[in-house]
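Undergrad: Letter by letter, the chains look like this.
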Amino acid sequence: MSYQSTVPAGRDGFAQVLRAEWTKFRSLRSTAICVVLMIGLTLLLTLLTAAGSGTDANDGPHYTDHFEFVHQPMAGDGVLVARVSAQANSQGWAKAGIIIKDGTTAGSPYAAAMLTPAHGVRMEGNFSTGIPGGDGGAPRWLKLTRTGQTVTAAQSANGANWTPIGTMTVRLGNVAQVGLFVASPANTVVTKVAGGSQSRDVPTNGSATFDSVSVQPAGAAEWRQDLVDPDATAGTTVQLRDGITVQGSGDMSGYGLPSFHGGGNDDIVINSLAGVQIGLLAVIALGVFFASSEFKTGLVRTTFAASPRRGRVFVAKAIVLAGTVFVAGLVASVASFLLAQPRLHDNGYVPPAYPYLSLTDAPVARAVIGTALFLAVLAVLSLGVGTILRRSARSIMLMVGIVLAPQLIGEAIPNIDVGKWIARLTPVAGLAIQQTRARFDTAIAPWPGFAVVCAYAVLAMVAAVWLVRKRDA
Amino acid sequence: MMLVRLVRMEITKLRTVESTLWTVGALIGLGVGLGAFVLWNLAAVCEPACDPDLPRLSLAGVYLGQLAVVAVAVLAITVEYDTAMIRTTLAAAPRRLSVLSAKALAVVAVVLVAGLVVVLGSFLAGRWLGPDGLPLSLTDAPTRRAYLGTVLYYGLIALLSLGIGAIVRHTGGALTVIIALLYIAPIIAQLVNSPRWHRWLERYSPMPAGLSIQATKHLEAMPISPWRGLFVLSVYAAAALLLGAVVFRWRDA
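Note that the protein sequences, when read in sequence, are chains P and W.
Taking this note's numbering, the leading residue of the first sequence gets 1, the next gets one more, and so forth.
Taking this note's numbering, the leading residue of the second sequence gets 1001, the next gets one more, and so forth.
Hints listed in this document are in silico derivations from the structure and should not be mistaken for laboratory results.
Do not rely on the hints blindly, as some may be mistaken.
As the list claims (entries may be wrong) - Result set (DSS-like, lysine-lysine): computed pairs, CA atoms no more than 30 Å apart in a straight line:
id: 1; chain 1: P; residue 1: K420; chain 2: W; residue 2: K1217
id: 2; chain 1: P; residue 1: K296; chain 2: W; residue 2: K1013
id: 3; chain 1: P; residue 1: K296; chain 2: P; residue 2: K24
id: 4; chain 1: P; residue 1: K296; chain 2: P; residue 2: K470
id: 5; chain 1: P; residue 1: K470; chain 2: P; residue 2: K24
Stated by the list, open to error - Here are some of the chain W residues that sit facing chain P, going by a computed Cβ distance under 10 Å:
id: 6; residue: W1022
id: 7; residue: G1025
id: 8; residue: L1034
id: 9; residue: A1091
id: 10; residue: A1093
id: 11; residue: A1141
id: 12; residue: T1143
id: 13; residue: I1167
id: 14; residue: H1170
id: 15; residue: I1188
id: 16; residue: A1189
id: 17; residue: Y1204
Glycine included, C-beta positions come from ideal geometry on N, C-alpha and C.
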């Protein structure tokens, strides 16, 4: 005669494991402390960073206008066509093409169709508007059509089939200067100096060859070449012929155009989320404690008795942890961003150098939500490390050693490239998700950086699950 | 006489805990290794000429090495709470302040010896790996101050950690608090650009102020002089140790 318990059999599906882990997690005293500490440290440090940052970017000129211009006057409406047969790759943002400009004075309104070595065909105008016109370099035909105050740009590979690039409104007088131009912006070179890094501009010299230049209605036979610059000297007369080579450096650019280097270069989205760099310490502690508390108290034996499929238990732990940290992290990052903005505005981060930001801007949303995602992944990594090492002290030290310390070591190393590699290969690469401006010290793009920290977390969890299944509890 | 026996007791505990061996090994390995790595990089960028603060660069391992010091010192006290060993200790030696003093002496002795090994290794690394034509000699007073001062820095970090360990009594919690305290200022300094803030952070926060003892060049441009900087760190350590002693004396174990 066999005994059958009258108690109905308990369910041991994944939902039950998840619920068990959630109960453990929320009843740990360290959970509440760490979550409060994470949000508190993040907000406090963000506010400190915002208060200690300032800029004078808006004091400088709001545009750059310096390029070599081969031109002749054109009265009223007309069409300008030319073929750029070759362009030297002097800089990624070197510009060569055709332009219609309200005189040769620096800062006057313009519209231009251009080729760039690294960014394809573009139409740009008025130091503020840029329209990408697809990939493709020299040789290429370009066309500008003026109708009143409206300028239309088009491009063609063969001079017969034209593809429109865009249209913009330009404040032009009756007589405008039309012609060929070449510009090539300076490169920013960064050197390490005592106590930080220093950037300086090294000019580049662009060069392009033109042919098949035509102006409709036909203008004067004489062309002039001028350097457009705030303090340029008088230019010279040139003979325009097919195969003419124009050399020039500089840029025509301003806020709103990607090649613009003037003014501020601070990434104020990073500055508005800076507190996370210390707040993450509480997240590391949270993840480590959630793992190590099982081993420290011997609770893990009870856990495995109740739910013998060990791998599943730790996956449930990771889900509970990541979910909680994501929500808390989102609270911290949204609040940080919103609280930091007014302070940054007070300290000079205002348009045009620094356009106002909103949480609904795509890069800002990516940075703010990405920060919460980063914290969640970091928590899972900490859980994995805590499970592998089973003790809180060594796990926290290892995590600090690979997450926090490398940032300071990178600063101490004289070779800036090694610093960048450290920023790429350590889990803190995940914070690249906060970048919204490419800077000279940018080590890795946002999503690849995030992938790095995810790879760490996946590796740690795989090793942790493998070990808990293999090891005695 | 009593204190000597207590110190021996504490040394025995430190000696027989597996983690001490690991952390002291990590301190020496990371402390020397990282500095050597930095110097090895220096040789690559120092063409044709540069003017590096060689002692400071060779001692860059302190950024990681101090983590091991923090671990040794914190574990010396929190492990006793984790395992309830503290009750046995206090039953055997009821005079609590003597126990804490003995712990401090034992930990500092271990850390100073290990620290001396680290700076000696860093010094030799500096002589071998530093750029040619940059002599590194202990007869130079600022150089000597940088190397011996770093040993003192390690000792003060140990005392600071012991104090916070006695206050928090929880291994992970104490480690988190100390690391936050040490690393907050340098991280903020990387982000803010106000010179006033930089000066303030360098002067009054424990890690940057304490590490100014390593400077041998451009001393006139430093926000705080080397010895004054180390003094700031010792104020932090004294405050933590004092508060730790008060709560250790009067709180239930």
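Undergrad: All hints, please: hold or fail.
TA: How the hints compare with the structure:
1. K420(P) x K1217(W): The given pair, whose Cα atoms are some 26 Å apart, holds under the 30 Å limit.
2. K296(P) x K1013(W): 20 Å, holds
3. K296(P) x K24(P): Between K296(P) and K24(P) the Cα gap is close to 14 Å, so the pair holds against 30 Å.
4. K296(P) x K470(P): Roughly 19 Å between the alpha carbons, so the hint for K296(P) and K470(P) holds.
5. K470(P) x K24(P): Holds, at roughly 23 Å.
6. W1022: 8 Å, holds
7. G1025: 12 Å, violated
8. L1034: Since chain P brings a Cβ to about 7 Å from L1034(W), closer than 10 Å, the hint holds.
9. A1091: 23 Å, violated
10. A1093: 24 Å, violated
11. A1141: For A1141(W), the interface hint is violated, since the closest Cβ of chain P sits about 20 Å away, which is over 10 Å.
12. T1143: 17 Å, violated
13. I1167: 15 Å, violated
14. H1170: H1170(W) check passes; min Cβ-Cβ to chain P is 8 Å, inside 10 Å.
15. I1188: 6 Å, holds
16. A1189: Constraint on A1189(W) satisfied, holds at 9 Å.
17. Y1204: 13 Å, violated
Of the hints listed earlier, those the structure fails to meet are numbers 7, 9, 10, 11, 12, 13, 17, in rising order.
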